[in-house]
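Visitor: Starting from the known structure of chain A, fit chain B onto it as the hints suggest.
From first to last, the protein sequence lines stand for chains A and B.
Note that this note's numbering has the first sequence beginning at 1, numbered continuously upward.
Note that this note's numbering has the second sequence beginning at 1001, numbered continuously upward.
Some hints here could point you the wrong way.
Here are the computed distance ranges between Cβ atoms for each label pair [unchecked claim]: (1) 68(A) / 1014(B): 25 to 35 Å; (2) 1058(B) / 59(A): 39 to 49 Å; (3) 1040(B) / 13(A): 16 to 26 Å.
Calculated pairs, DSBU-like style, for lysine-lysine (alpha carbon to alpha carbon, straight line, at most 30 Å) [said to hold, decoys possible]: (4) 41(A) / 1110(B); (5) 64(A) / 1098(B); (6) 41(A) / 66(A).
What the hints contain is simulated information worked out from the structure, not anything from laboratory work.
Think of the CB as a built atom: it goes at the ideal place given N, C-alpha and C, for glycine as much as any other residue.
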Amino acid sequence: GAVVSQHPSRVICKSGTSVKIECRSLDFQATTMFWYRQFPKQSLMLMATSNEGSKATYEQGVEKDKFLINHASLTLSTLTVTSAHPEDSSFYICRMGWSGGAHEQFFGPGTRLTVL
Amino acid sequence: DAKTTQPTSMDCAEGRAANLPCNHSTISGNEYVYWYRQIHSQGPQYIIHGLKNNETNEMASLIITEDRKSSTLILPHATLRDTAVYYCIVVLYNQGGKLIFGQGTELSVKP
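With the rest of the complex left out, here is chain A (with noise of 0.2 Å):
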């Protein structure tokens, strides 16, 4: 399959500070992005989707003030925490895909924030 990277792997910050996670498609170009976050013990919830030239839809009750997502291109989208407080430490995850199969959008590995 194709591959998806994040970067950060994992992040400590202080609270009040904002963290921007990048996710990168490595080997293909995508026109959807995703990304999902995951508390402890808990399931993946969809935060956000965005298609190409599109700006991003939000779930109900995810605050597009807070996480900015940006679709910087066709391998690049961006989700940033502003303000980050101890109860965003999450894990989170992004998907990248070119179609409406789901098995044609990749799931990065994920970032472990955690913030103090």
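Guide: Relative to chain A, chain B alone:
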């Protein structure tokens, strides 16, 4: 809301087949059944998908009942590295990106 029901956890002996069930009684005619797994602290990994027919690939087999209200993922010879949370998801093909994950089944493969 998740549209599938899976057991919370299962154990399997190493080398034996692992059979993971999933109920999706409200599945619509054009929804696919997808299976993913997530090893601890990693991104989910695609395993297999199907619509009506049984499917097999290098990782697993997918058995879908004739009425499509349930399915079973089969790992023919489970290894310790198959220990993971397995998710069964139903989704329209053209909405494949917007996967909604349920709680999944935590499979523990024991030596």
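Visitor: So which of the earlier hints does this model not fit?
Guide: Hints 1 and 2 are the ones this structure does not satisfy, whereas the remaining hints hold.
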